[in-house]
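**Q** Here are the chains, one letter per residue:
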Amino acid sequence: MTGHYCDLSNSDVFLTIGSNNVECHPVSAKWVQKAHDKGATWIVVDPRFTRTAACADIYSPIRAGTDIAFFGGMAKYILDNDLWQKEYVRNYTNAAYLLDPGFDFDVKTGMFSGWNEQTKSYEFSTWGYQVDETIPADASPTGAFAWTTEDGVPEFTPPGNKVPKKDMSLEDPQCIFQIFKKHYERYDLDTVSAVCGISVETLELVYKTFGSTGAPDKAGTIMYALGQTQHHYGVQNTRAMGVIQLLLGNIGLAGGGLNALRGEPNVQGSTDMGLLVHNTPGYLAWPTVAKYPNLRTWLDLETSSGGFYTNKPKLFISQLKEWFGSNATLQNDYGYDWLPKLGSDNDVTTMSTFELMNTGFIKGYFLWGQNPAQSTANTKFAREAMSKLDWMVAIDIVETETASFWRAPDLDPATIDTEVFLLPAALPFEKAGTVVNSGRWLQWRYKAVEPFDQAKPDLEICDLLWKEIVKLYKDEGGANPEPILNIKWDYDIDGKIDPRAVAQALNGYVIEGKKLLTTFGDLKADGSTASAMWIYAGFYANNDAPLDPSEQKVGARGREDKGGLALFQQWSWAWPLNRRVLYNRASADVDGKPWDSSRSLVNWTGDAWDNNDVADFVASRVVDGAPTPVAPNNNAFFMNWDQIGRLMIHSLDMPVPEHYEPFESPTDNALNGRENSPMIRFADKESVKKGTREEYPIAVTTYSVVEHWQSGSQTRHCPALVEAMPHQFVEVPEKLAEERGIKNGDLCRVFNNRGSIHVHAFVTPRLHTLLINGKEVHQIGLPHHWGWASMYSTGDVVNDLAPNVGDPGSYIPEYKAFLVDIEKA
Amino acid sequence: MAKLAFYFDSSRCSACKGCQAACKTWNSLPSPLGQDENPFTGSYQSPLDLNGDTRLLISFSEVAGGSKGVEWSFGRRSCFHCTNAGCVQVCPSGALAHDEETGMVRVTEDKCIGCQYCKYSCPFNVPRHYGYNDKINKCTSCLDRVSHDRQPACVKTCQSETLMFGSRDELLAKANERVAKLQEQGFERAAVYGGNELGGLGLIVVAHHGIESLSLPANPRISGMVNLLDILKPLAGLGAAAVLAGLGVSFLTGIGYERHKLRYDEETHDIIDDETNEVLAHFDFDEEE
Chain A
2 MTGHYCDLSN SDVFLTIGSN NVECHPVSAK WVQKAHDKGA TWIVVDPRFT RTAACADIYS
62 PIRAGTDIAF FGGMAKYILD NDLWQKEYVR NYTNAAYLLD PGFDFDVKTG MFSGWNEQTK
122 SYEFSTWGYQ VDETIPADAS PTGAFAWTTE DGVPEFTPPG NKVPKKDMSL EDPQCIFQIF
182 KKHYERYDLD TVSAVCGISV ETLELVYKTF GSTGAPDKAG TIMYALGQTQ HHYGVQNTRA
242 MGVIQLLLGN IGLAGGGLNA LRGEPNVQGS TDMGLLVHNT PGYLAWPTVA KYPNLRTWLD
302 LETSSGGFYT NKPKLFISQL KEWFGSNATL QNDYGYDWLP KLGSDNDVTT MSTFELMNTG
362 FIKGYFLWGQ NPAQSTANTK FAREAMSKLD WMVAIDIVET ETASFWRAPD LDPATIDTEV
422 FLLPAALPFE KAGTVVNSGR WLQWRYKAVE PFDQAKPDLE ICDLLWKEIV KLYKDEGGAN
482 PEPILNIKWD YDIDGKIDPR AVAQALNGYV IEGKKLLTTF GDLKADGSTA SAMWIYAGFY
542 ANNDAPLDPS EQKVGARGRE DKGGLALFQQ WSWAWPLNRR VLYNRASADV DGKPWDSSRS
602 LVNWTGDAWD NNDVADFVAS RVVDGAPTPV APNNNAFFMN WDQIGRLMIH SLDMPVPEHY
662 EPFESPTDNA LNGRENSPMI RFADKESVKK GTREEYPIAV TTYSVVEHWQ SGSQTRHCPA
722 LVEAMPHQFV EVPEKLAEER GIKNGDLCRV FNNRGSIHVH AFVTPRLHTL LINGKEVHQI
782 GLPHHWGWAS MYSTGDVVND LAPNVGDPGS YIPEYKAFLV DIEKA
Chain B
4 MAKLAFYFDS SRCSACKGCQ AACKTWNSLP SPLGQDENPF TGSYQSPLDL NGDTRLLISF
64 SEVAGGSKGV EWSFGRRSCF HCTNAGCVQV CPSGALAHDE ETGMVRVTED KCIGCQYCKY
124 SCPFNVPRHY GYNDKINKCT SCLDRVSHDR QPACVKTCQS ETLMFGSRDE LLAKANERVA
184 KLQEQGFERA AVYGGNELGG LGLIVVAHHG IESLSLPANP RISGMVNLLD ILKPLAGLGA
244 AAVLAGLGVS FLTGIGYERH KLRYDEETHD IIDDETNEVL AHFDFDEEE
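As you go down the protein sequences, you meet chains A and B in turn.
In this text, residue positions in the first sequence follow our numbering: the first is 2, and each later residue adds one.
In this text, residue positions in the second sequence follow our numbering: the first is 4, and each later residue adds one.
It is possible that some hints are incorrect.
[To be verified] Pair by pair, the computed Cβ-Cβ distance ranges are: (1) Val66(B) to Phe430(A): 40 to 46 angstroms; (2) Phe430(A) to Ala221(B): 43 to 49 angstroms; (3) Arg558(A) to Lys184(B): 31 to 37 angstroms; (4) Lys691(A) to Val66(B): 38 to 44 angstroms.
[Stated by the list, open to error] Straight line, CA to CA, 27 angstroms or less: simulated DSS-like cross-link-like pairs of lysine-lysine: (5) Lys776(A) to Lys87(A); (6) Lys31(A) to Lys71(B); (7) Lys71(B) to Lys736(A); (8) Lys744(A) to Lys71(B); (9) Lys177(B) to Lys39(A); (10) Lys159(B) to Lys31(A); (11) Lys31(A) to Lys736(A); (12) Lys184(B) to Lys209(A); (13) Lys184(B) to Lys31(A); (14) Lys177(B) to Lys776(A); (15) Lys39(A) to Lys114(B); (16) Lys182(A) to Lys109(A); (17) Lys177(B) to Lys31(A); (18) Lys159(B) to Lys448(A); (19) Lys87(A) to Lys182(A); (20) Lys159(B) to Lys39(A); (21) Lys475(A) to Lys457(A).
[Claimed, not checked] Reference listing, derived: stretches of chain A covered by chain B, where coverage requires no fewer than 3 residues with Cβ under 8 angstroms from a Cβ of chain B: (22) 29-35; (23) 52-59; (24) 277-284; (25) 754-765; (26) 786-796.
For the record, the hints were derived by calculation from the structure and aren't laboratory data.
From the three backbone atoms N, C-alpha and C, an ideal C-beta is built for every residue, glycine too.
Chain A extracted, bound-state conformation (with noise of 0.2 angstroms):
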């Protein structure tokens, strides 16, 4: 989230789309429902007329997959009807910019220009600003990059920092204003209306009723999730959203943003400490064998030219440090080479990793709470993959449906020879350590009982695991020693792995004497600071209690509420900075005045600024010795090298939001000359199967219900949930089930060239029959949280039905749209 659930508390307009939010994140209700009682407005826009539609005021269906198409009609409405927040554009994003001349959209064709059929993607040199002069980075005493000159500091060079050309009358056809909307002049309310399945007067009352938040003094904002990202183009559809908030001037404002509702599997937390695999801890870029072979590769390309991440190897540099100690030194580019890089052409994303496993190339897989063999796409064709590993190691608290894929119903356990092992691991309330909620906030979780039996906290199994494998390096050797032996392991607290002494190290030190820092400003590349996770600077930093978690800001349990704002400073840590709202510059004008003064975040008097909330822009810099207040400048996006928000991009797959069709589709694109994205993933993969329109012509979502958690590991061991929802069904509109004579309660069978599965039907009018392009099309709608593995409650897999393909920059797979067919069993 760019704010936090109580911030939802302050919106005058909710957009819920691709959330389900009071069933799936139930504690985002509390806050919306405050705001509601103040008279905010609540929409919904979702294939399924869901428990969050039942709260809401006003609720629109919606194709599933047709979201670009749904934001860029509402672009083209704001833009049509005056509603965007002028000011705010103008200034604080890159409107005013000229794009490259050489930049054009076929809409023929459906593609951008700068196209490789080689590389099979896009080229970005089209995309990009046409630039006025390239200022050389400023090492000089009082130059951004006077740090580069220290000792210690690896060489490389910072690259100059581009200005680009502008019309801030935004009437230049070259810029990206007029770029923008010419591009979404295609999507009008009738094109728009088709596509999506959405009635013209709905679309208008939606677009009107949102598109009021572009009002300075309003704010809104967009709740999504899983229904926005899993799609073959989901972070296009992030994108859109974005853009629309931009256009609106809603992002950094109290009761803005674009908030991405993420879940108790503490996945805010598990992204931030580099569970991706392209990243290490704090999103910074893990090393790969094509892009950065040495650091200094590395620091070239990584370092930004304006901005935050002019800084950038100060915090990778602090990471090496923190993983190979004293190992580290300038000499050997502080054990850059010993770590593993990623090879090009072994993509080890989740989708490919079955492919690789498939082939034999994976031959054993080490799962830690994750069951990909009930929720990966394409479930059957990865179960089958499973098959042909030598052994795997699965580590979770019961016995999930991949620690027994060998007793699928569908694969033969005599067959099978993969040993698999499976490691017990104690329960959330068993063990020690941080969680960090949707809103980016921090808490210390203590333990409450002692874990069952032989059950570990996960941080226990690691450090097992850790020694063992380096006592057997030390006394037999293997292959690649360095990366094992270097390491720095220095966690235990009397003689045990203990979790402060890991937040310790997230959080950062000055290495001469082991003084934690308040902020990650003073890290420095020259080697003499540690830290594995900048952005978590601060949050343990209280040096005369370093094992008193309690003490630290992350076990923060003030009540006070400066401001008024639901900001609740002091209780819990919020990263980074312990920063309520990112980009809070931006809900003030360029004079650094508030555009709503009962809004205030932050707030230039003059002389100073006087600041509800912590900076997320340079408010003060030092100058001789002294921190020194710095005067507004329009700088409101500052982790950005041009430090203003994007409405088109010069990266990813697209460079603004253009729709394309699911991979399995009811239609064809209205839209543009081309059915999927061209940069989509895993499309030509055998194991997909496709199915066309004609074999399998119903359209199908996949989705959560509150009662049940993800695959189910956890919720279908717990009777009581399981009373509450104990089985999976379908969700049928009353159209689709009369024309196949299906009715309410009727076992019935789902299927498509990937799967076929038995589940019962709700037929109900909150699915809905919708007209797309001319024609209906039925949707139907599918819980996935069942498998074989529970004692209490079983069902067929639904995501064997998923395809396994997905979008270019995430790799997550398209869940969210597919085809299928349905009969009575």
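Assemble chain B onto chain A, guided by the hints.
**A** Showing chain B alone in chain A's frame:
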């Protein structure tokens, strides 16, 4: 009149069933443990009804129509803690009684003799009995928690402030205010339930789609059976054995198994099978007795 009360606001309820699970957990009420033992109910409502191990459930009712295309109403099904409580009136053993401090209908399980009269006296069809010993099992308002200044388990777990527990007068005032506001917002059928029904209920309901959407009876009345059962009270009070030996035998065995299909005719004093119209039992008694 109850001094404390529950408050349930259907316009805020997201039907997360947290209350349903918390009730089971706090009160150590079991759920079926067999693999796939729970039936498919054909609804998000599960179990479909209260039972010997379920004191509270969230009910679902969906109807096509309204500005959003569907009206999906979520209700709370549990004891209403009536002021004129049929169950209390009929209970021969004192197992059911109004708690003096709070006014809620409390349960003293040790006193329950399993006669199940309460079951037939309740206009809301609430009291159920444990399967293994036939003792009464219904919402106690978590008096064990309340007496230690804690909220009932269901209220404690509620995220959206749908459920509250506190001074009945204050909650009733809050409900009236809320309904006025909902009506302003266009919920024309919004109504408060529980203000005056049966002398005032200990569960005040704000029904934003109207009380019919939550299947609440418009004018709940204590079953005519209560008068009848009242006569049995002195007998039952002597203990279960006395009941079995007395008048009640044929009556109780007759209705014990067929509850949903029976009705009582106040004029003829007949217990009638609703499906077959067969008179299962007839009572001769003098009003003055």
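**Q** Against this structure, judge whether each hint is valid.
**A** Do the hints match the structure? See the list:
1. Val66(B) to Phe430(A): 40 to 46 angstroms: Once the Cβ atoms are compared, 41 angstroms apart, the range 40 to 46 angstroms for Phe430(A) and Val66(B) holds.
2. Phe430(A) to Ala221(B): 43 to 49 angstroms: Hint holds: Cβ distance 46 angstroms, inside 43 to 49 angstroms.
3. Arg558(A) to Lys184(B): 31 to 37 angstroms: At roughly 34 angstroms between Cβ atoms, Lys184(B) and Arg558(A) fall inside 31 to 37 angstroms, so the hint holds.
4. Lys691(A) to Val66(B): 38 to 44 angstroms: With a Cβ separation near 39 angstroms, Lys691(A) and Val66(B) satisfy 38 to 44 angstroms, so the hint holds.
5. Lys776(A) to Lys87(A): violated, 40 angstroms
6. Lys31(A) to Lys71(B): holds, 22 angstroms
7. Lys71(B) to Lys736(A): holds, 18 angstroms
8. Lys744(A) to Lys71(B): holds, 24 angstroms
9. Lys177(B) to Lys39(A): Between Lys177(B) and Lys39(A) the Cα gap is close to 16 angstroms, so the pair holds against 27 angstroms.
10. Lys159(B) to Lys31(A): holds, 13 angstroms
11. Lys31(A) to Lys736(A): Roughly 35 angstroms separates the two Cα atoms, so the pair is violated.
12. Lys184(B) to Lys209(A): holds, 24 angstroms
13. Lys184(B) to Lys31(A): holds, 18 angstroms
14. Lys177(B) to Lys776(A): Cα-Cα ~49 angstroms, so violated.
15. Lys39(A) to Lys114(B): The given pair, whose Cα atoms are some 49 angstroms apart, is violated under the 27 angstroms limit.
16. Lys182(A) to Lys109(A): OK: Lys182(A) and Lys109(A) at ~18 angstroms, within 27 angstroms.
17. Lys177(B) to Lys31(A): At roughly 18 angstroms apart (the allowed maximum being 27 angstroms), Lys31(A) and Lys177(B) satisfy the hint.
18. Lys159(B) to Lys448(A): Roughly 22 angstroms separates the two Cα atoms, so the pair holds.
19. Lys87(A) to Lys182(A): Measuring from Cα to Cα gives roughly 14 angstroms; hence the hint holds.
20. Lys159(B) to Lys39(A): holds, 24 angstroms
21. Lys475(A) to Lys457(A): holds, 26 angstroms
22. 29-35: Since 3 is at least three, the answer is holds.
23. 52-59: holds (count 7)
24. 277-284: violated (count 0)
25. 754-765: holds (count 3)
26. 786-796: holds (count 5)
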